[in-house]
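Asks: Chain by chain, the residues run as shown.
There are 2 protein chains.
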Amino acid sequence: MRILKKIFSRSRPEEGGIFFGEIEKIIGFRPLNIEGYTMAFTHRSSNKTDEKGNPISYERLEFLGDAMLSSVIAAHLFNQVPSGDEGYLTKMRSKIVSREHLNELGRDLNLIRFVESKVPTQHFGDNIHGNIFEALVGAIYLDAGYPACEKFINARVIAPYVDIPKLEGKVISYKSLLIEWCQKEKKTFHYDVFEDNGISGERLFGVKLSIDGKVVAKARAVSKKKAEEKASHRAYFAFQEKINTK
Amino acid sequence: MRILKKIFSRSRPEEGGIFFGEIEKIIGFRPLNIEGYTMAFTHRSSNKTDEKGNPISYERLEFLGDAMLSSVIAAHLFNQVPSGDEGYLTKMRSKIVSREHLNELGRDLNLIRFVESKVPTQHFGDNIHGNIFEALVGAIYLDAGYPACEKFINARVIAPYVDIPKLEGKVISYKSLLIEWCQKEKKTFHYDVFEDNGISGERLFGVKLSIDGKVVAKARAVSKKKAEEKASHRAYFAFQEKINTK
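In order, the protein sequences belong to chains A and E. Position 133 of the first sequence, counted from 1, bears residue number 133 in full-length UniProt numbering, the numbering being contiguous throughout. Position 52 of the second sequence, counted from 1, bears residue number 52 in full-length UniProt numbering, the numbering being contiguous throughout.
Keep in mind that the hints were calculated from the coordinates and are not lab data. Note that the structure is a prediction, hence the values are computed from the model and not measured. Please note that a few of the clues may not be correct.
Same chains, same label: a pair holds when it works inside one copy or across any pair of copies.
Listed next, the in silico SDA-like pairs over lysine to any residue satisfying Cα-Cα at most 25 angstroms (straight line) [what the hints assert, rightly or not]:
(1) K226 with G125
(2) K186 with L32
(3) K91 with G53
(4) K91 with S70
(5) K91 with H43
(6) K95 with V119
(7) K151 with S70
(8) K52 with S83
(9) K52 with K91
(10) K52 with G87
(11) K208 with N54
(12) K175 with D163
(13) K218 with V193
(14) K118 with E86
(15) K91 with R234
(16) K52 with K166
(17) K224 with I158
(18) K25 with A219
(19) K48 with Y88
(20) K151 with N79
(21) K52 with P165
(22) K151 with G36
(23) K91 with N127
(24) K25 with G36
(25) K175 with N47
(26) K208 with T188
(27) K187 with N110
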């Protein structure tokens, strides 16, 4: 709380200020106890300690969040792919919780804007995004237990990103899948790309994908190509039934 | 169910026979659905398949159980050792879920007696014990969810075995700790060792540890030394308060 007041002293300080509201939006429920979330965004360089002198930083929460991610994803794959053996399940999980993918998840939520650090956040490598994402999962576990963690991972990892055909390499590009479908269905499509640098100052690209003149999906990523693919993926899910049955 | 009837056709076939009752004793609650437990004890060599032709064996459940063990142990360590950093927590967890330790857990519960296999169980290596233990944890998750899993791991792994001072290498031998205490307190002690081969035909040793003529702990293990250490550990926990305060 002490830390929060310092960072976000502008509003509702009794609830942790802006941070409290923003975290609520991200995690999808009202935090019961803000402490773990504060820890999830505290970098070691802040040199904070608890009353017993133990350092406060997101690193321990990363360990916890990583474990929760692994078990929720394991259960999901186990249930979704009854034909997959142990080796297959292990491989699929490691693709889902890959460093690159976790970084993408953290970056998409722009979690870095909350980080308290004595080192400027621009100096961190790419992995800070994934590390903070894992720490956030750990904080959710501490705050509200396994079911809340499961719900968050379902909403923020599995539903938008876990795509078994693509992970298996059966679908290489959603953009080509979507274009093919549009051509077959005689629909027009347009990718509107723009630079969108966000708060953190990173170079990012935004994409709006329109079909028949209507925006059907938006996405943001580090490259134009990735943003287009992400938007196509989202559109694909929106149209999945139509695409598969035609 | 079909498989169970074949293995354990002697009693209560409508409930899965002896197996049902034995599993209940081991897991500490009445199974809601016996199917997962059957799978946890089916070796690949049985060549069973489900109605869709997917092979039934404990290997996929091992993957699931391993994930559940990792996350329950992670949460336990996170809460118990607030001073431990990420590296420490990772190291401690890998000691707890080491192959050797999992094998010991499975062997202690004599899980191998339930295994259905075309290969004689004596031909399996040591790892079968740990693999089946992991699969059992996976089956508990399928049957009754994460909280049941957590409860089982607490009762069967954490409470009897997870001993942070020993894992940290601060306590090397509970036998020497106990002997030292007996000598200081002028108590007599006696380790009564006997061969105890159990149902599976493995060579095992049983130990009864008496203090002042009264049996205070029993244990069974693959070597005399291990059985003595295990009995000492159990006695240590029974006497912990006395030993630490004197």
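Asks: Can you list which hints this structure breaks, lowest number first?
Replies: 2, 6, 11, 25 and 27
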